[in-house]
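S.K.: Chains as they are written, first to last, in our numbering: chain A, 3 to 245; chain B, 7 to 452.
Do not take every clue at face value.
Where chain A lies over chain B, by a calculated footprint (3+ residues, C-beta under 8 Å) [stated by the list, open to error]:
1. 119–130
2. 216–225
Listing some non-contacts, in silico: residues in chain B with all C-beta distances to chain A over 12 Å [stated by the list, open to error]:
3. L18
4. D230
5. A379
6. I394
Below, in silico cross-link-like pairs of lysine to aspartate or glutamate (EDC-like), each with a Cα-Cα straight-line distance of 20 Å or less [to be verified]:
7. A/K80 - B/D230
8. A/K74 - B/E261
9. B/K277 - B/E101
10. A/K152 - A/D68
11. A/K109 - B/E134
12. B/K83 - A/E140
13. A/K99 - B/D201
14. A/K80 - B/E261
15. A/K99 - B/D445
16. A/K99 - B/E261
17. A/K95 - B/E261
18. A/K95 - B/E232
19. A/K39 - A/D88
20. B/K146 - B/E134
21. A/K109 - A/E183
22. A/K99 - B/E101
23. A/K99 - B/D167
24. A/K95 - B/E101
25. A/K245 - B/D230
26. A/K245 - B/D201
27. B/K83 - A/E51
28. A/K95 - B/D167
29. A/K99 - B/E75
Quick caveat, the hints were computed from the structure, so don't treat them as lab data.
Idealized CB from N, CA, C, for every residue including glycine.
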Amino acid sequence: MILLLALLSSLAHAAAPSAADLLSASDRARGAARATKGLSWTSEVTSVENGDTSNVTYEVKVLGNDALAEVKSPPRQKGELVLFNDRTLWFFKPGLKKPVNISPRQKLIGQAANGDIASTQYARDYEATGPATADIVENTKTWRLDLKAKAKNVTYDRIRYWISQDNKVAVRAEFLTLAGEKFKVAEFQYGNDIVLAGKKLPFVSEMKISDANNAQNVTTLRYKNPREEAHRAGLFNVSSLTK
Amino acid sequence: MTHSWRLAARNLGRNRRRNLATGCAIAFGFAGILLLAAYGYRAKNYIRVYTVYVVHTGHLAVFAPGGFENFAYRPAKYSLSPQDQARIAAALAAEPDVERFEPQIRGQGLVGNGCVSFPFVARGYVPEVDRALREHAQVKQWMPQFRSVTAGRGLGEFPVDLGAVLLSRGLALALGKTKVHDEFAGAPAPAGLPDCARPKIQAARDANVQLLAGAWSGHISATDGEVVGQFATGVQETETSGLVTSVDRLQKLFETDRVTEVAVWLKHPEKIAGVRARLESALQLPVMRWDDERLSPFYVGTVDFLSTIVMAGALVLSAIIALSVLNSATMTILERSQEIGMYRAMGFRRSHIRRLYVQESLWLSLLSLLAGAGLGAVAIRAINGAGIVYHPPGVSGGLKLMLVLPFAQALLAALLILALVSIATYFAVSNRVRATPADLLGGTLR
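Extracted from the complex, chain B is given alone in its bound form:
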């Protein structure tokens, strides 16, 4: 066995130019597959972390029965009561795999600056949880450059009675609230109402806004808020309407003590199925996974799109590699028909000859894959260092192009290429070894 591997390795030197061309095809193809996989892997994890941690979806979300579907129409009926919240908190406290949880509230209304008002779509968070998620290890690992608060500070840095509000950048710009609370520290509150002939200039006098919405009991409600920061939603649709504040502030606005949902983060996300089953059984309430298309349509849609692109690219590259090897092996075997005939005349069995040529291709592939891996690693390093910003659909401000190589997937791709090469060579040599030694040695076969 060892002898045949050595013989196969020595045979590589017999047709250097062709083997070099084939090796280059494999190496560049593999490097391309690595780049595609690295792009897909990083993008998928970026969107996962954005969905789970940055926008507070959690790994699981507990709703009232029918709450996910009907909350927008009848929030008072399809929300979690204080008793539900207490029951959920007790169940989560008893679950060892839960990292943290957060009651959340959603709603919409108008936010005004004393002159003009614009629609908002709000989410109410627990400020301490918001701060912890921003500092989460997963966020730091996968979104190191991402700053969800682009100006000012987060909700957790201010006292509750201030009524801290974060505005999406577009909404802050529309309202003229480009300065945040910290920038007015120590300044006296402006007297009187703003002069609405110059709304944006007047709006910039302070960081105070008014939130107005329909209370869950049906009438109009309003409350003051203080703009403590701005945030990037990362999605153009919500960049001009996003608003984040504390659960308490939104409960005051909607005049309720209920919440929309309870988001749950897990210590070991891979255990999600078990935790979900236990919670559903204990609470008898619907518990949704974060990767449910209804809960995270942006994540599911984007990842499906990315996976399709990456898979299509990988298939094309794999086909190129397979055809290159098949072509090269066929040419080699045609040229070396007399050699095959000599092997047969010396008593080599057909299977021995097939194995010899497959081993030769495997040597070539292994060396090429190593070269391709090196090439891919250099390319990934160069791309990450170049600071390229690209603009995928729906992401405002663009994303820095960063590639992270998934080793398991890279190894799988290498094994698949080895298998492809082996199969291609096997088929190329199979037909030839069926001929008689006399025909092969006579050099009449073409």
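For reference, chain A alone in the conformation it holds in the complex:
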């Protein structure tokens, strides 16, 4: 009996895909399609904080590990840029003499950190602390991963991450402090599709981030019109921000 249980347990572990594969697949549906010539989409961010609502629309362009998010509205913020050079982030707004080096952890708007606005590179930035374990999130069979940051300059220290067993997209994330306390929760919807190399893939349509200590404070990122689009590498050079 014991031998049988051990055998079943080892089979269950063997059935779980590797954490790296799961993260790469889920990253692809959140904008980190590294093999493409480039991606673009529009991100509408709505934040409700302590009863105050604010909206900002970003045009996001991605090429490999780099990304550029430009504010399109509201008018008073129009032209503001957040540039992601690998893990280094820059902020620039028209009229500034130089861009400012910022942290991915810094609050961008509402519950969304700077690092949440562009493509997700969890496969690059995090490692699993153990094998994926089976779990169910809102009637969806998932693999649960406990992730910890590989470097200090990433958006979160620790993440509990649930990835759908069916289509390998992330359905839920809990963002934890270094001490393991949950401070934000994100839920994902995949109402978009994107065609990459002739293959139709699911693409994130909504990321809802809630304050774990105050459920009324919610920031929703709605992804619109995701598409493959060629971008020149110079667009992602920090010196191009001031031109």
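Chain A is fixed; fit chain B onto it per the hints.
M.R.: Only chain B this time, still in chain A's reference frame:
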């Protein structure tokens, strides 16, 4: 009465060596108390002036309801609107004891040089008020060597549209902004962005920095600034993060027309309670005193610590003086038992004899206190002239050891010593005068 004082004075010469030893104990003890009091008095005033004038706390601070407690979490809600500011300005203008006031704004964010950025904790001042406070008579009296601006010039020396910024020394060093605006006068602005492979060298090309923060409406905001000077915060915790600029610049950064508080300086700080009550009644807004522990934790904590040290030292010295006098008086009275018996036989009452010995001790104490005061004054002068720099906890760069004697406290200490000496002598002689003249004269009592 005059006769007994004269007799007491003459008796001092009867046991010169012992009286000299006792007098030395009193003199050195009193000098020690004076040094302690002078150190505590000067340190307390130094920190008071630093708190009230140098860091712009003011004597009173007017906040929005709940503003002091909640401003950091919801600045837009817990700050003073332009209407509040106008109302406060009108109330302060009508208050004769107000010297000046200043709307202030606080906040934090990142300051960058085009390559790297560091967190800052900023306070926004009115440049003209900043200049006036730096020149304030209290600052000159109690902090004559202190230069809050250690390089460059203050905010009030530059046009508003320059975006003048003062960086704490540690922050300037971290950013590579060791040269200030004046040092680049006439030089052409460097072209292009700095080469971030050599960030500090590149940062030193100009005095330009970028301030970035969360606007009070929630999104990121940024503005340029020009480093016109560096300042010493005097506190290690803020030496690498302190930033001072104008209220206007921080309002632009936080995209608001509101302020955190209005600081108020009084012409006569001793009238603070009355002014505070009148302002609270007129404005219906919380008005905090500068010595409130929540507003000035550094001041209150440091002064409490200093007071405890000074009081403990003074108590030890006082105990030494009292025990020395008690011991000396007891010895004297034992040796002079027959003399006491003779006084009693001649018809002196017990109270007369007690008074005679107390007067003798008072003479000795008065002379010793005068010697101690002279000794203390010389020691204070020598210490002030020595230019000793010490490093109290939390004060970067150290402080020059300066002692200032508080005359009222010195007088009080002298009176307390006289009282102690009188009591000690009284108790020493009381037991002896109760004996019969026959026993005293017989020399059998020990």
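S.K.: State for each hint whether it applies.
M.R.: Here's how the hints hold up against the structure:
1. 119–130: holds (count 5)
2. 216–225: This one holds; 6 residues, not fewer than the three required, reach chain A with a Cβ under 8 Å.
3. L18: holds, 73 Å
4. D230: violated, 5 Å
5. A379: holds, 60 Å
6. I394: B/I394 clear of chain A: closest Cβ-Cβ about 43 Å, beyond 12 Å.
7. A/K80 - B/D230: holds, 18 Å
8. A/K74 - B/E261: Holds: A/K74 and B/E261 sit about 19 Å apart, inside 20 Å.
9. B/K277 - B/E101: Holds: B/K277 and B/E101 sit about 12 Å apart, inside 20 Å.
10. A/K152 - A/D68: This hinted pair holds, its Cα atoms lying about 18 Å apart.
11. A/K109 - B/E134: violated, 34 Å
12. B/K83 - A/E140: violated, 38 Å
13. A/K99 - B/D201: holds, 15 Å
14. A/K80 - B/E261: Holds, at roughly 15 Å.
15. A/K99 - B/D445: The hint is violated at about 101 Å.
16. A/K99 - B/E261: Holds, at roughly 19 Å.
17. A/K95 - B/E261: holds, 14 Å
18. A/K95 - B/E232: holds, 17 Å
19. A/K39 - A/D88: holds, 16 Å
20. B/K146 - B/E134: holds, 18 Å
21. A/K109 - A/E183: holds, 18 Å
22. A/K99 - B/E101: violated, 45 Å
23. A/K99 - B/D167: Distance ~15 Å between A/K99 and B/D167 Cα, so the pair holds.
24. A/K95 - B/E101: violated, 44 Å
25. A/K245 - B/D230: holds, 17 Å
26. A/K245 - B/D201: holds, 16 Å
27. B/K83 - A/E51: holds, 12 Å
28. A/K95 - B/D167: Holds, because 18 Å separates the two Cα atoms, which is no more than 20 Å.
29. A/K99 - B/E75: At roughly 36 Å apart (the allowed maximum being 20 Å), B/E75 and A/K99 break the hint.
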